[in-house]
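Following the hints, put chain B in place on chain A, whose structure we already have.
First to last, the protein sequences are chains A and B. In terms of my numbering, the first sequence is residues 1 to 227. In terms of my numbering, the second sequence is residues 228 to 454.
Honestly, the hints are just simulated from the structure, not real lab data. Since the structure is predicted, the reported quantities are computational estimates derived from the model, not experimental observations. Ideal Cβ positions, reconstructed from N, Cα and C, are used throughout, including at glycine. Among the hints, erroneous ones may be present.
To give a feel for the contact side, a few chain A residues facing chain B, derived at Cβ under 10 angstroms [stated by the list, open to error]:
(1) D38
(2) Q40
(3) Q45
(4) L93
(5) V101
(6) G138
(7) V140
(8) I141
(9) E214
In silico DMTMM-like links for lysine to aspartate or glutamate, alpha-carbon gap of 25 angstroms or less [as the list claims (entries may be wrong)]:
(10) A:K221 to B:E434
(11) B:K448 to A:E127
(12) A:K221 to B:E432
(13) B:K448 to A:E54
(14) A:K212 to B:D293
(15) A:K221 to B:E281
(16) B:K448 to A:D162
(17) A:K221 to B:E380
(18) B:K363 to A:D66
(19) B:K363 to A:D38
There are 2 protein chains.
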Amino acid sequence: MKSIRKQVETAPSAQFGGRRIALQTIERLSTYRRVLEDLQGQGAQYVYSHQLAEYVSVTPAQLRRDLSLFGSFGNISRGYNVQHLITVLSGLLGTSEIQPVALVGVGNLGRTLLAYGGFIERGFSLEVVFDSDPAKIGRVIAGRRCFDIAEAEAVLAGHPVDIAILACQPQGLQSIVDRFVAAGVQSFLSFVPAIIRVPPGVHVEMEDLSAKLEKLSFLVKNRVEEE
Amino acid sequence: MKSIRKQVETAPSAQFGGRRIALQTIERLSTYRRVLEDLQGQGAQYVYSHQLAEYVSVTPAQLRRDLSLFGSFGNISRGYNVQHLITVLSGLLGTSEIQPVALVGVGNLGRTLLAYGGFIERGFSLEVVFDSDPAKIGRVIAGRRCFDIAEAEAVLAGHPVDIAILACQPQGLQSIVDRFVAAGVQSFLSFVPAIIRVPPGVHVEMEDLSAKLEKLSFLVKNRVEEE
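Same shape as in the complex, but just chain A (with noise of 0.2 angstroms):
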């Protein structure tokens, strides 16, 4: 640990269509797509690779070469066809069509998840909701019958998942991780600030949304300035 060698650096990837694809690749895609919306809703039809990655603020080429890997877009002359690169994206995204997404905890921060307005304009309905308290389970909250957490493996055999947001207490999280994914879950979105361990071909994203808070905190006490 005394002398820091040069290695060659692998950032986690995925493997797309025989190639190898960076997981921050996939977040700007997100990003990408939501400012296309943005534009559109500004009535653009047309917007030049500079400017779209100007917006996103990544550079020209990362943004060229990004979207190289799926396709060829674009046209010299008028930039990105925005309606046609967000039905490209969303189709990337599987987000084409809504989807079934479980809720584990229906406290302040999953009470405020099941009324974002955000995630079904984007795809997503939370629409098996769990938690493990009494004065909640059988419940309706915010439109969604509240299951008991103690019979998720009957409930998820009914209503079958991809995707389970947590925003339940640590305590107790790990047995929920590793039951949800015996019953077929197969990704999860964290924002529990706790290490969860899951077998491989399974994926955890970790919410935290104190990071950038930080991030600025530290740009502003630092004086730094962004290039």
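Frame of chain A; chain B shown alone:
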């Protein structure tokens, strides 16, 4: 746009102590700290770099390279001292003292952010709260008095902040940002799906709660394996 030429990539970066640091490095520092705090909660005093790297899904070389930017840590036989590394990272991220943050918009999302315990644990206090709704202005919401966004300049003069969180409607957002920048706000965390423009030296982070679901959806739909 027909041929994708190889170009030198320049990732968004910042200057720190005469060095160039990728902004993604700063985000990883937050993640390292969070995982270290979780390990500390589990009673760990030391952690090896390969273990810490595995927990945060980076390569050991990446972890060591990130930390080497800020000093020399770790001990070849026992690994990193968990408490020491937490202290160093907290100092770097500028959150060893509580800092005030402004919040714009006290709708459903804004109220949750106010009630979210994670911010104060990480050193951020959402102290200066704004809305434009006459039914909210002047009221005390989650312990904070809600100010009129129309009086932002006067309020911020009396309660200066470096960071503002945007959780309002997209209409009129750019004008609010312009006024906050003029009042000395140096960075924004935006939950609003809209492009905002700021002068050089002012930082914007976009938080998109749907983007990670889209990434999981992509991974599941395309049956890809993380590597």
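Where does the structure disagree with the numbered hints, that is, which hint numbers, in rising order?
2, 3, 6, 7, 8, 13, 15, 18 and 19
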